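Going down the list, the sequences are from chains A and B.
Take the first sequence: its position 1, counting from 1, is numbered 85 in this note's numbering, and each next residue is one higher.
Take the second sequence: its position 6, counting from 1, is numbered 10 in this note's numbering, and each next residue is one higher.
What the hints contain is simulated information worked out from the structure, not anything from laboratory work.
Misleading hints may appear alongside valid ones.
Taking lysine-lysine and the DSBU-like style, the derived pairs with C-alpha atoms no more than 35 Å apart in a straight line are [unchecked claim]: (1) A:298 to A:310; (2) A:298 to A:160; (3) B:182 to B:313; (4) B:152 to A:298; (5) B:152 to A:310; (6) A:221 to A:134; (7) A:243 to A:90; (8) B:182 to A:243; (9) A:298 to A:145; (10) B:313 to A:134; (11) A:90 to A:134; (12) B:152 to B:270; (13) A:243 to A:221; (14) A:278 to A:298; (15) A:134 to A:245; (16) A:134 to A:145; (17) A:90 to A:160; (18) A:278 to B:270; (19) A:298 to B:354; (20) B:152 to B:12; (21) A:221 to A:145; (22) A:278 to B:313; (23) B:182 to B:354; (24) B:12 to A:310.
It should be emphasised that the depicted structure is a prediction, and the values quoted were computed from it without experimental measurement.
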Amino acid sequence: MTTDNKDPRLADESKLQEIWRRVEEVAADAPHLAKIALEAMIRKHNPDLKGSARSAGRAGKQSGNVSELTAIATLKPGGAERLRRIFDLTAGNMDGAQRVSTLHDMRFVFFDDDTRILFATAYDGDWDAYINDFATKIPELMDLLFANVEGWPGIDSPKVKDFIADHQIDAAGWFVANPQVTVVDVRRFQRMEKALNAFLDAEAANMGIDPTTKAALGQLTDAISKPEGVDY
Amino acid sequence: MSVLANLKARFSRERVKLQLDDIQALILRSRPEPYVGLHAMLHVDEAEGGRDLVRRLAPHIPAADDWTDDMDAWTGVAISHAGLKALGVPEASLKSFPLPFQQGMAARAEQLRDFGENAPDRWEDAFRPGTCHIAVTIYARDEAALEKAIEVAMTELEASHGVTLVGTHSFGADADAKNPFGFRDSISQPTVAGGGVDPRGDERAIAAGEFILGENSETGAPVAMPEPAPLGRNGSFVVLRKYQSAVGAFNDFIRANADSEADQEKLAAKMFGRWRSGAPLILAPDRDDEALGADRSRNNDFNFAEDPKGLVCPHSAHMRRLNPRDSQLTILTDVNIHRIIRRSSTFGPKWTPDVTAADDAKDDRGIFFIFISARAYDTIEFLQQEWINRGNFIDLGTERDPIVALHEEPGTFTIPQEQARRRVNGVTTFNRLMGGEYLFMPSLTALRWIGEAGWR
Chain A
85 MTTDNKDPRL ADESKLQEIW RRVEEVAADA PHLAKIALEA MIRKHNPDLK GSARSAGRAG
145 KQSGNVSELT AIATLKPGGA ERLRRIFDLT AGNMDGAQRV STLHDMRFVF FDDDTRILFA
205 TAYDGDWDAY INDFATKIPE LMDLLFANVE GWPGIDSPKV KDFIADHQID AAGWFVANPQ
265 VTVVDVRRFQ RMEKALNAFL DAEAANMGID PTTKAALGQL TDAISKPEGV DY
Chain B
5 MSVLANLKAR FSRERVKLQL DDIQALILRS RPEPYVGLHA MLHVDEAEGG RDLVRRLAPH
65 IPAADDWTDD MDAWTGVAIS HAGLKALGVP EASLKSFPLP FQQGMAARAE QLRDFGENAP
125 DRWEDAFRPG TCHIAVTIYA RDEAALEKAI EVAMTELEAS HGVTLVGTHS FGADADAKNP
185 FGFRDSISQP TVAGGGVDPR GDERAIAAGE FILGENSETG APVAMPEPAP LGRNGSFVVL
245 RKYQSAVGAF NDFIRANADS EADQEKLAAK MFGRWRSGAP LILAPDRDDE ALGADRSRNN
305 DFNFAEDPKG LVCPHSAHMR RLNPRDSQLT ILTDVNIHRI IRRSSTFGPK WTPDVTAADD
365 AKDDRGIFFI FISARAYDTI EFLQQEWINR GNFIDLGTER DPIVALHEEP GTFTIPQEQA
425 RRRVNGVTTF NRLMGGEYLF MPSLTALRWI GEAGWR
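Take these sequences, add in the hints, and give me the full structure.
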């Protein structure tokens, strides 16, 4: 019997059942796992795409610039209903959350008959760094959302960090497509693409172009003209 | 060498792995050029009368054995989910069909991106949900043969009761088989594995289950099939979409964005991916090549590996989008599960360059976009979402197909060039959707099963 596993169903297994289960698991997974491990070993990774699995500070994991926060908490009676009304009003588009500029996404999931909430987010940077800023920049939004959670001390409470950390569960598995890219980067890329398109529109029909510019343009066009699969 | 003679020469009975004698001929049989034809749409008012008609029609639906041999005329039958219901097919069978087919095309507008001017509330009456029950299509080598086949079908219809003929539509193609925009069409057809004809050149045969229910698909297992087996086995699905072609608006767009006649022809070819003759840009980069376009052994014998930047055939060209072949795409894609057997037909006056947008309102030109696949409903929804109304898969963001996409706002068409890509703005909806439906094309066994109420 294993000791590092908390699944209570495993306690009821007989020794023979356990052996069979382990043999089957390993046999079924082996070819695929071996392939993943081999690929990871032989592949030369582009540093732009490099992730990691280090800690995001006090709680949660971090991959490149991106961190995850997953928390489960008990809702106050009627809390789910009040939150639903807020989400419906904003149609999922939260202006305060946009202003934070580090949030890739947030999700709120109610379960156990609306008595509990799962909150999960991916954000840029470390855990502690911005909690203080949220407390001063968007306190109303934070309190509006989390006041429906049992025990929420208030965003301006000195205990708020302990409260969040106590409810947080580290992700066992987590995958980030663009670990080096922040929300701010994406916005810059979008601005750059618009500007680049305007520039290329002007240059596409430019016949009186000097050789240096022509060569530079050719290089630029070359770098962006082949569709590429997304490499991780 | 004509396409039919060519297939015939390559057909070998020993290589047949499919139950050809149970599969409708229309699925595999290529059309001669020229050909003529008729679509008829029927509505079943009363189940027993409807079944009686299906039973009467069944003996006139040829099977696919000898599908490479010449035939004067052949008729195919397909039935919508509403049609199967109206014919009294039991609930358990109706529910065993894939969800999109059960819902019907109009209800799938969200998934099909049929919004705005393409939305179902603006479709022709014949395509209002629940109207189209049975679609009968006849193809023939000439008018005389077509007349004969129509008479056979009409005699059975007149002898039946409880069925309304909603409408008929005649069509035809001359030896050039050109679409309303003056381009040769329906060139690229997949080779169905086990059909008895081996693929040519670099092409490989596509697993039969992509087209015939019950056979193994590209995944190695059959795709979803309705129950019981006599209903589902050897059948297939059909997508029918009727488009009104804004040929004048297209002509105007070409004139507005290119000066000389040669440049205009080139811009149009860049948008389609082929020249008017059917010659692909990849094999004829600079000008049209009539002989190449007409040569079935050469006009589809190419791929895109040597044009990774799209300098010869733009990534966004209609033909390259809808069959990227070996192009590098940004997203994991299996091009072999999105192949279709094309059976589109064209209607309206022949294309001329002097048609302008002002003529579009008074001329009735268009295309019945029809294709067959065992996962036709999934394929069209994939095509509409990913390859037609988006550009993400070819690194072009929100750019859409320049020919068949919906353009709620004027769109852009990107032409890769050495110095800097050219973007042509002002692309509008050159093909407007007038209606459509998901249809099931039963095997001959299934037609008899339905006609004789085999569930009883």
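### Message
Tell me the hint numbers this structure goes against, listed in increasing order.
### Response
Hints 2, 4, 5, 8, 9, 12, 19 and 24 not satisfied by this model.
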